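Letter by letter, the chains look like this.
There are 2 protein chains.
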Amino acid sequence: MIKTTPLHDVTSLVQAPLDRLNRELLDDLAPGHPEMRPLIEHVGGFRGKQLRPVLTFLSGMAATGADTSGGLGDDVVTVAKVVELLHTATLVHDDVLDSASVRRRIETINHLNGVETAVLLGDYIYAKAFHMAVQLPDPAAARWLAETVRVICQGEITQILHRFDYQWSEARYFTVIAEKTASLYAAACRLGGFYSSRSAEGTANEGRLRALEEYGLELGIAFQIVDDCLDLDGDEKLVGKSLGTDLTTGKITLPMLYLLRDEGQAQKLKDLLGTSEAEGLRRLKSEFPLEHAIAYAMEEAQRRIAKAQASLSQLPPGPARDALHQLAGFVLDRRV
Amino acid sequence: MIKTTPLHDVTSLVQAPLDRLNRELLDDLAPGHPEMRPLIEHVGGFRGKQLRPVLTFLSGMAATGADTSGGLGDDVVTVAKVVELLHTATLVHDDVLDSASVRRRIETINHLNGVETAVLLGDYIYAKAFHMAVQLPDPAAARWLAETVRVICQGEITQILHRFDYQWSEARYFTVIAEKTASLYAAACRLGGFYSSRSAEGTANEGRLRALEEYGLELGIAFQIVDDCLDLDGDEKLVGKSLGTDLTTGKITLPMLYLLRDEGQAQKLKDLLGTSEAEGLRRLKSEFPLEHAIAYAMEEAQRRIAKAQASLSQLPPGPARDALHQLAGFVLDRRV
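Protein sequence lines, in the order shown, are assigned to chains Z and Y. One gets the working numbering by counting positions in the first sequence from 1 and adding 36 to each. One gets the working numbering by counting positions in the second sequence from 1 and adding 36 to each.
Check before you lean on any hint, since a few could be wrong.
Intra- or inter-copy, both count: the list cannot distinguish identical chains.
Said to hold, decoys possible - As a list, the in silico SDA-like pairs of lysine to any residue whose alpha-carbon atoms are at most 20 Å apart:
1. Lys-85 / Gly-68
2. Lys-306 / Arg-208
3. Lys-85 / Gly-150
4. Lys-306 / Gly-109
5. Lys-287 / Arg-234
6. Lys-287 / Glu-71
7. Lys-343 / Phe-82
8. Lys-287 / Leu-62
9. Lys-277 / Ala-102
10. Lys-304 / Leu-368
11. Lys-287 / Asn-149
12. Lys-273 / His-361
Note that these hints are calculated values from the structure, not bench results. Bear in mind the structure is a predicted one, so any value in this text is a computation, not a measurement.
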């Protein structure tokens, strides 16, 4: 018997379009090209929870109050594909940036085929995603998606430029994680709603689209805060990647900003940043009130999730709205 | 007195829109953003001959037989900007791939700010270029440009996967250089013609657009052949980058394919590939009939240029058509 997890219950509502997306994406990306196809197939193995396309489909249903995913048109599927491809391209490039050799238990492209192929394959996937986006009716969506990628890169670059910057503030931290992480969640939700209401009702209700966008934005911010907490106190076996990297690379996240408030701790933390992951994590856990710092950050994540859930009141009731509500709760509980 | 080069004479026809492009591009890319702006300004220093936007403007004039650049509309300028940005993004990523520290006498982004920032900045510039492309009327152009970037990456990846592949053929070499280099020249020419005739005459003559596309394609192929010759027998001081890298990285170009035809030379060349640049160039020049190999490749480049020039007969006569004819000739003479 297959164990049904609660997250599976939520996503089962949109299993049909998700299966279609996964069936079609390989041929969309590399139609019969003998050189590209093995690379694209390999990248397909990185597939995780596919949270972003799930959000696009649920948002599409929630925008019109639909009971099933049956009425979601082709455009919603295309948007979900574009969002998934843009995410995949950022993963391929992230692995280059982190010199990572393994992602989700399979070898990264940079490890297997070299940095050059990985940089170019990321570019290839971005180009294909933009090509698909331009095929959507109404160029506003393609513009929104291109702007989202620009904003993601801006956030990532800003974070890199402020490594080991002890003047870094909570306000700037929130701006950066909204840019680098939450903007794609916001686009996934808004554009899912946009194209489903466009095909179902001929027009989109801007109030509902804004509600979906805010939901995605707050969810994405909470997701990144939880991610930053897991890097400091997660279980390496569950998370499936090496932890403590933010300490080593001097990326100052919300729990660290909490510790930096206290002058005595601040000096100790500055001495700790830049050491190895193992050393950094060991000292962080033994010499600092880490549980307070994590609790502080998780409270912020909870506030963001509550805000995301509250924004759903602008949408018609139905199973998709309920699923979005539940899904937001899972973000706080995740250990992986 | 400023010495006027012949190339300058040709490009002076489109100096006005080129100046506008260079005046506006910085603000287009990073409007007042304090973190991004210095990076974008730095990348602006890589500016070279700007052959691609020059081709877009000249093609725009040639498609309608215009005598001056005065009638080129905003859309032609936008296309030229997009083409220049896409080229710039590939340069930023190329420097990562080659671990290059200097480009046109200034430090590369990867050398100055690290590989991570360089990868992300390339992505940022791609995203901005696509965002601008989507703002153009008629989504066909944005689709064409996205497809061009996909094809560029496909060509680059194919070439990397076939390093040290002694089964490599001339046919595959021509396919790869058409993809990685000539496709952007073809797009620059075709889309310049498309948008100028669209604004001047309300419609584009497909025969003229195809002629411009073929001109760009053949010019681009010739450009890459000359580039590959310069890597083996150029003057390092003039070319301004280290030579012999194709020998070291096992990138099998047209002059090498000529040498590989002879069985005795083939074995010697296989032994030489993969050695250092200096060693490889020294042995290539002393032990092989390099001048014959270069002459063979340059004859092919000449045929391509003749084909490019012949395709111009489909266009109305005028100064821009003459300039395109002349410009093609410069490709064969270039030493830098």
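Here is how each hint holds up against the structure:
no., hint, result
1, Lys-85 / Gly-68, "neither (27 Å within a copy, 37 Å between copies)"
2, Lys-306 / Arg-208, "within (19 Å within a copy, 55 Å between copies)"
3, Lys-85 / Gly-150, "neither (26 Å within a copy, 31 Å between copies)"
4, Lys-306 / Gly-109, "neither (53 Å within a copy, 55 Å between copies)"
5, Lys-287 / Arg-234, "neither (41 Å within a copy, 50 Å between copies)"
6, Lys-287 / Glu-71, "between (37 Å within a copy, 16 Å between copies)"
7, Lys-343 / Phe-82, "neither (31 Å within a copy, 46 Å between copies)"
8, Lys-287 / Leu-62, "neither (35 Å within a copy, 29 Å between copies)"
9, Lys-277 / Ala-102, "neither (38 Å within a copy, 60 Å between copies)"
10, Lys-304 / Leu-368, "neither (29 Å within a copy, 63 Å between copies)"
11, Lys-287 / Asn-149, "between (28 Å within a copy, 16 Å between copies)"
12, Lys-273 / His-361, "neither (28 Å within a copy, 64 Å between copies)"
Of the numbered hints stated above, those contradicted by the structure are hints 1, 3, 4, 5, 7, 8, 9, 10 and 12, listed in ascending order.
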